[in-house]
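We have chain V; now place chain B onto it with these hints.
Taken in sequence, the protein lines are chains V and B.
Residue 161 in UniProt numbering sits at position 161 of the first sequence, with consecutive numbering throughout.
Residue 151 in UniProt numbering sits at position 151 of the second sequence, with consecutive numbering throughout.
Check the hints yourself; a few may be wrong.
Where chains are identical, the list cannot tell them apart; a pair therefore holds if satisfied intra-copy or between any two copies.
[To be verified] Result set (SDA-like, lysine to any residue): computed pairs, CA atoms no more than 20 Å apart in a straight line:
#	residue 1	residue 2
1	Lys57	Ser169
2	Lys58	Phe82
3	Lys57	Phe82
4	Lys71	Tyr81
5	Lys95	His118
Treat the hints as calculated values from the structure; they're not laboratory data.
2 protein chains.
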Amino acid sequence: MTIHYPNGQQPRKHYSASRDLPTPHQSIYAKRGMSLEDEINHSNQYYLANHIAVIHKKPTPIQLVKVDYPKRSAAVIREAYFRRPSTTDYNGVYKGYYIDFDAKETRNKRSFPLKNFHPHQIRHMRECVDQGGICFAFIKFTELDQIFLLPATTLFKYWDQQSDGGRKSILLKDISAAGFQIHYRLNPRLPYLDAVDQMIANKE
Amino acid sequence: MTIHYPNGQQPRKHYSASRDLPTPHQSIYAKRGMSLEDEINHSNQYYLANHIAVIHKKPTPIQLVKVDYPKRSAAVIREAYFRRPSTTDYNGVYKGYYIDFDAKETRNKRSFPLKNFHPHQIRHMRECVDQGGICFAFIKFTELDQIFLLPATTLFKYWDQQSDGGRKSILLKDISAAGFQIHYRLNPRLPYLDAVDQMIANKE
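Bound conformation, chain V alone (with noise of 0.2 Å):
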């Protein structure tokens, strides 16, 4: 799940506590450390800035109920919802090829839980694959503090396995052997596109 995507999650403190306009997500958790999605952030910008990809965020999708179009000022949204998004959070463009990947996190320290995907989230990245794309997860085990690149093939085989009597989750030392583990760095603070390389070469 994305950390902009509620649905049944617990209140977040700096939406409901605020109502000033929320900072960047490095200020909100400077105090807990950087999720992975503002590390992915940071990696990103720190690639767009020195012209090696172009890759970005997509923005959560709302669906709109209510907005008010105060005059001489912005229009106001007063009643919107988060809506599930159809596709993954992250895509762009690097040495021509399209990259397309989801992050999630997890707790466990053995296992990555499948549940973590939604099935529209494979079947997307099921259709950018046939279409040639590089897509793979950003997976986080936070408590272990190791971050990997799984290559979505490899996610899908994991994932159909499930209906076949499979396993609901993917052993870290699977993931480990098949991915591509990812390590601070400075800058970026995550050099994944050294694993896309990776990924790129095998594909060729």
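This is chain B only, laid out in the frame that chain V set:
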């Protein structure tokens, strides 16, 4: 401008008048024909359903201010504002190529005003072109009911000429000469990937 991004435009009746969830655009616009956005979304649905391309419109970015979390029901956004998108509205993947474009409508009959583009959209398209993406503008002359795909590189040329004392708009005849006219069809309504095929051919 996308219809989801008012900033200063007239109130949208179907938002301000209705407290119900908005109906899909095709019904909102049924009485006055489809907007260019609706026509593009329909075409993208066709391309997706037929495994030809995966191209989606990005959600409109929203600045959340206040979100309520009622017990046992979905989070309700109580105060939020439309933010200016930092990229174009549409992107995706087709035959392994990264596709990125924006759609603009004008009521003019002789030329397309460049002020319809924001500098950040031009910058984003330059970055995507530098990464090997296929970028263009969807331009509709609503009064003439003529639609063109204008390659981004051509758009950049006219955009840059403004600062050298060039005109602030692109003449229809120049768009017609440098771009690709899209003629309505039943399915997809706007077969614009035919023009993209030519852009890809010219690229190689």
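Hints and how they fare:
no.	hint	verdict
1	Lys57 - Ser169	neither (26 Å within a copy, 32 Å between copies)
2	Lys58 - Phe82	both (14 Å within a copy, 14 Å between copies)
3	Lys57 - Phe82	both (16 Å within a copy, 17 Å between copies)
4	Lys71 - Tyr81	between (25 Å within a copy, 15 Å between copies)
5	Lys95 - His118	neither (29 Å within a copy, 25 Å between copies)
Comparing the model with each numbered hint stated earlier shows that hints 1, 5 do not hold.
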